[in-house]
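Can you make the complete structure from the sequences, with help from the hints?
In the working numbering, the protein residues as written are 1 to 246.
Honestly, the hints are just simulated from the structure, not real lab data. All of these numbers come straight from a predicted model, not from anything done at the bench. Errors might be hidden in some of the hints.
[Said to hold, decoys possible] Okay, derived cross-link-like pairs now, DSSO-like style, lysine-lysine, Cα gap no bigger than 27 Å in a straight line: (1) K172 - K117; (2) K71 - K31; (3) K17 - K147; (4) K17 - K210; (5) K210 - K170; (6) K109 - K65; (7) K117 - K17; (8) K109 - K71; (9) K170 - K117; (10) K147 - K216; (11) K31 - K65; (12) K172 - K109; (13) K31 - K172; (14) K65 - K147; (15) K210 - K172; (16) K210 - K31; (17) K210 - K117; (18) K31 - K109; (19) K17 - K109; (20) K170 - K241; (21) K17 - K65; (22) K172 - K147; (23) K117 - K31; (24) K216 - K172; (25) K241 - K17; (26) K71 - K216; (27) K216 - K17; (28) K147 - K170.
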Amino acid sequence: MTSISEFNSYGEELERKFALRTAPIAVKMLKPEDTIPPGAIRPSIDLGHPVAQCQSFALSRRDNKTIAMLKEDNNCFAPLIAYGHVERPEDPEYRLFMRFPAFEIGIYKGIVSAPLKTVNFEPDVIIIYSNSAQMRGLIMPLHFMQKEDDVMYHFFPPVCSYLLVPVMQKRKYMVALPDPGEHMRALPGDDEIIISFPGSRLGELIEGQKLTEGYKQGYRDINYMMNYNFPLPPLYQDLFKRWGMG
1 MTSISEFNSY
11 GEELERKFAL
21 RTAPIAVKML
31 KPEDTIPPGA
41 IRPSIDLGHP
51 VAQCQSFALS
61 RRDNKTIAML
71 KEDNNCFAPL
81 IAYGHVERPE
91 DPEYRLFMRF
101 PAFEIGIYKG
111 IVSAPLKTVN
121 FEPDVIIIYS
131 NSAQMRGLIM
141 PLHFMQKEDD
151 VMYHFFPPVC
161 SYLLVPVMQK
171 RKYMVALPDP
181 GEHMRALPGD
191 DEIIISFPGS
201 RLGELIEGQK
211 LTEGYKQGYR
221 DINYMMNYNF
231 PLPPLYQDLF
241 KRWGMG
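In structure tokens form, the structure reads like this:
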């Protein structure tokens, strides 16, 4: 079983190894009997207003904040449904926007997120924002371990549902894109994509990096290959010929 200090160490290692712009996020779904971790910010109380779930993730990964979101802290409909705080509406006009996985009502009272490198609780899920090259390096170990089928993907809204619900239910990895709401409200980079996976599989991913590095397929092993003997434009050819160099 991974200790809290090991989670912290892994968080630092991931940031350093992959040159991540923002911190990997540790996420825990809070059951009714769970206490909110010490030092966590409650948006409705500490910020004076609710925020969107994607914004709380942004505060954790960019500003290194621990954010606890209960029902009243959230001002976006999707996570309220996805995390089992409210019933899913059956209105025909809303049906298109309600086709996403959700936990059963009442299993969880909230969610808390924090930077993995400083987290003080055991995470259910790890979320990492990266560019495509970093993502390739992150998931490449699963290829060499012949676990490609353990990677799910979903490219449509709401990402706050798909990063958590199927990941916790199926114990698999999820690759996803920031959705339109997150793009507008939480300001991810245009080049960012997301991976999430069970906290219990973090050790597997870290150990797998040694395997890819052994094959020279790690993030820092794959470099551009320049063509030194590139075709010379006419101007170059004329000048080099004039100088006796062509």
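Hint by hint, here is what the structure shows:
no.: 1; hint: K172 - K117; in the structure: 22 Å, holds
no.: 2; hint: K71 - K31; in the structure: 13 Å, holds
no.: 3; hint: K17 - K147; in the structure: 22 Å, holds
no.: 4; hint: K17 - K210; in the structure: 12 Å, holds
no.: 5; hint: K210 - K170; in the structure: 26 Å, holds
no.: 6; hint: K109 - K65; in the structure: 20 Å, holds
no.: 7; hint: K117 - K17; in the structure: 13 Å, holds
no.: 8; hint: K109 - K71; in the structure: 7 Å, holds
no.: 9; hint: K170 - K117; in the structure: 25 Å, holds
no.: 10; hint: K147 - K216; in the structure: 19 Å, holds
no.: 11; hint: K31 - K65; in the structure: 21 Å, holds
no.: 12; hint: K172 - K109; in the structure: 23 Å, holds
no.: 13; hint: K31 - K172; in the structure: 21 Å, holds
no.: 14; hint: K65 - K147; in the structure: 33 Å, violated
no.: 15; hint: K210 - K172; in the structure: 21 Å, holds
no.: 16; hint: K210 - K31; in the structure: 36 Å, violated
no.: 17; hint: K210 - K117; in the structure: 20 Å, holds
no.: 18; hint: K31 - K109; in the structure: 6 Å, holds
no.: 19; hint: K17 - K109; in the structure: 35 Å, violated
no.: 20; hint: K170 - K241; in the structure: 66 Å, violated
no.: 21; hint: K17 - K65; in the structure: 22 Å, holds
no.: 22; hint: K172 - K147; in the structure: 10 Å, holds
no.: 23; hint: K117 - K31; in the structure: 23 Å, holds
no.: 24; hint: K216 - K172; in the structure: 26 Å, holds
no.: 25; hint: K241 - K17; in the structure: 47 Å, violated
no.: 26; hint: K71 - K216; in the structure: 47 Å, violated
no.: 27; hint: K216 - K17; in the structure: 14 Å, holds
no.: 28; hint: K147 - K170; in the structure: 14 Å, holds
In terms of the numbered hints stated before, the structure departs from hints 14, 16, 19, 20, 25 and 26, listed from lowest to highest.
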